[in-house]
Amino acid sequence: MSLPQSCKRVYRFICENLDQTMDSPRCRAIRKHLDDCPDCRTYLDSLKKTVVLYTMLPSPKVPNRVHRKLFRTIALAYEAGGKEPRRPHKRILPKR
Amino acid sequence: MSITHTKASELKQRTDAELIHAAREGDHRAFTALVRRYEETVYRFSFKVCRDEQQAAETLQDTFVNVFRKLSSFDGKSKFSTWLFTIVTNNCLMKHRRRKSSAIEEPLEMYDEPPDHEKGPHRPRVARWDKTPEDLLIDSELREQLDAAIQKLPVDYRVVFVLRDIEGNSAEETARVLGISIEATKSRLRRARAFLKSRLDNYLRIHP
Chain A
1 MSLPQSCKRV
11 YRFICENLDQ
21 TMDSPRCRAI
31 RKHLDDCPDC
41 RTYLDSLKKT
51 VVLYTMLPSP
61 KVPNRVHRKL
71 FRTIALAYEA
81 GGKEPRRPHK
91 RILPKR
Chain B
1001 MSITHTKASE
1011 LKQRTDAELI
1021 HAAREGDHRA
1031 FTALVRRYEE
1041 TVYRFSFKVC
1051 RDEQQAAETL
1061 QDTFVNVFRK
1071 LSSFDGKSKF
1081 STWLFTIVTN
1091 NCLMKHRRRK
1101 SSAIEEPLEM
1111 YDEPPDHEKG
1121 PHRPRVARWD
1131 KTPEDLLIDS
1141 ELREQLDAAI
1151 QKLPVDYRVV
1161 FVLRDIEGNS
1171 AEETARVLGI
1181 SIEATKSRLR
1191 RARAFLKSRL
1201 DNYLRIHP
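If you read the protein sequences in the order shown, they are chains A and B.
Be aware that the first sequence starts at 1, since it is given in the numbering used here, and climbs by one per residue.
Be aware that the second sequence starts at 1001, since it is given in the numbering used here, and climbs by one per residue.
Some hints could be false.
Some but not every residue of chain B turned toward chain A, in silico, with C-beta under 7 Å [what the hints assert, rightly or not]:
(1) 1028
(2) 1037
(3) 1044
(4) 1057
(5) 1058
(6) 1128
(7) 1146
(8) 1165
(9) 1175
(10) 1190
(11) 1200
(12) 1203
In silico DSSO-like cross-links for lysine-lysine, where the CA-CA straight-line distance does not exceed 27 Å [stated by the list, open to error]:
(13) B/1012 with B/1079
(14) B/1131 with A/8
(15) A/32 with A/49
(16) A/61 with B/1012
(17) A/49 with B/1186
(18) B/1152 with A/61
(19) B/1152 with A/49
(20) A/61 with B/1079
(21) B/1077 with A/61
(22) A/32 with A/48
(23) B/1131 with B/1152
(24) B/1079 with A/32
(25) B/1152 with A/69
(26) A/32 with B/1131
(27) B/1152 with A/48
(28) B/1152 with A/8
Hint data in this document are derived by calculation from the structure and do not stem from the laboratory.
Even glycine gets a Cβ: it sits at the ideal position worked out from N, Cα and C.
Okay, chain A solo, but in the shape it has when bound (with noise of 0.2 Å):
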């Protein structure tokens, strides 16, 4: 079955403009479309759906060892110079 083509003009522009202010004619046309398609709104709230599922997703935070690590890099870096920093030698560092 094919969509209509106001359905795939909406599907491009609901996909491109989530959450963005519709005031333009054209961004009227489709909010009007969108109150009389229960597909596009269903598609667009899934769609929505999809975006805050991996904002909300917790990240890692840098663990500890790969932070002195970093740090241990950035003062080699300045003790060369401003040369190309070594590779920090592995021992114990104290935590942050």
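Given chain A's structure and the hints, the job is docking chain B onto it.
Quick look at chain B alone, frame taken from chain A:
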């Protein structure tokens, strides 16, 4: 007052531009303050693109080594964060290309069509997601599905999705970071969102 001998707490109050200026003058503490300000952002972004803690750690390290070496060439025309995202994105993409898996990446052009369209991915009808994102995220299996879906998303699309929708950069900033047109950025974002939604549709149809 010079910021060369200021306390760490005072450095936190300084703008990026002030810290960059001092770091260029050789102020070690200003540079480390800049790194502290952005290390979590760089690590989080790297992890969300690489989906691997080891690779994210390597990218974090490489990115700030690059920043240290190239800071004098930062012209201040764009925001420091945009410049930083350019460096970290390049590092992520280089790592990905070096370790590229043999997995075949699905062409995403098919997601230009609506789901019910005859040329598009076949769906009997538009799937309804009745639960809120908060309710959905309680499901640990869904979290695994979210991770699996974004890993299947080709990396050129993944970086656009993370830069735009997760990190909140504008289309213009994202285009500048990637060196592509705004139209190409929008096209990749449209396909990435539709791809991810479609993958989650498959799961939520079985686990409503």
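Each hint tested on the structure:
With a least beta-carbon distance of about 5 Å to chain A, the hint placing residue 1028 of chain B at the interface is held under the 7 Å criterion. Checking residue 1037 of chain B against chain A: minimum C-beta separation of about 13 Å lies over 7 Å; hint violated. Given the 7 Å rule on beta carbons, the hint for residue 1044 of chain B holds: about 4 Å separates it from the nearest Cβ of chain A. Residue-level restraint check for residue 1057 of chain B holds (minimum Cβ-Cβ distance to chain A is 4 Å; threshold 7 Å).
With its C-beta approaching chain A no nearer than about 9 Å, residue 1058 of chain B sits outside the 7 Å limit, and its interface hint is violated. Taken as an interface hint, residue 1128 of chain B checks out: its beta carbon lies about 5 Å from the nearest beta carbon of chain A, inside 7 Å. The beta carbon of residue 1146 of chain B comes within 6 Å of a beta carbon in chain A, closer than 7 Å, and the hint placing it at the interface holds. Nearest Cβ of chain A to the Cβ of residue 1165 of chain B: about 5 Å, under the 7 Å cut. The hint holds.
Hint status for residue 1175 of chain B: violated, given a least beta-carbon distance of 14 Å to chain A, over 7 Å. Checking residue 1190 of chain B against chain A: minimum C-beta separation of about 4 Å stays under 7 Å; hint holds. Taken as an interface hint, residue 1200 of chain B checks out: its beta carbon lies about 6 Å from the nearest beta carbon of chain A, inside 7 Å. At its closest, the beta carbon of residue 1203 of chain B sits 11 Å from a beta carbon of chain A; the interface hint therefore is violated under the 7 Å criterion.
Restraint check: the Cα-Cα separation between residue 1012 of chain B and residue 1079 of chain B comes to about 18 Å, which is no more than 27 Å; the hinted pair holds. Only pairs whose Cα atoms come within 27 Å are accepted, and residue 1131 of chain B paired with residue 8 of chain A is accepted, the gap being roughly 26 Å. Restraint check for residue 32 of chain A and residue 49 of chain A: satisfied, since their Cα atoms lie roughly 21 Å apart, inside the 27 Å limit. Annotation: proposed proximity of residue 61 of chain A to residue 1012 of chain B holds, straight-line Cα distance about 20 Å (limit 27 Å).
Distance restraint check for residue 49 of chain A and residue 1186 of chain B: the Cα-Cα separation of roughly 19 Å lies within the 27 Å cut-off, and the hinted pair is therefore satisfied. Our distance criterion of 27 Å between C-alpha atoms is met by residue 1152 of chain B and residue 61 of chain A, whose separation comes to about 24 Å. Only pairs whose Cα atoms come within 27 Å are accepted, and residue 1152 of chain B paired with residue 49 of chain A is accepted, the gap being roughly 19 Å. Proposed proximity of residue 61 of chain A and residue 1079 of chain B is supported: the alpha carbons are some 24 Å apart, at most 27 Å.
Proximity of residue 1077 of chain B to residue 61 of chain A is assessed by CA-CA distance (about 30 Å); at most 27 Å being required, the pair is judged violated. Among the hinted pairs, residue 32 of chain A with residue 48 of chain A is consistent with the structure: their alpha-carbon atoms are about 19 Å apart, no more than 27 Å. For the suggested pair residue 1131 of chain B and residue 1152 of chain B, the alpha carbons sit about 24 Å apart, so the restraint of at most 27 Å is met. About 38 Å separates the Cα atoms of residue 1079 of chain B and residue 32 of chain A, which puts this hinted pair outside 27 Å; it is violated.
Taking the CA atoms of residue 1152 of chain B and residue 69 of chain A, the gap is near 31 Å; set against the 27 Å cutoff, the hint is violated. For a cut-off of 27 Å, the pair hint linking residue 32 of chain A to residue 1131 of chain B stands: about 25 Å separates their Cα positions. This hinted pair checks out: residue 1152 of chain B and residue 48 of chain A have alpha carbons roughly 20 Å apart, not beyond 27 Å. In summary, the hint linking residue 1152 of chain B to residue 8 of chain A is supported, as the alpha carbons are separated by about 25 Å, within the 27 Å threshold.
Comparing the model with each earlier hint shows violations of hints 2, 5, 9, 12, 21, 24, 25; every other hint is respected.
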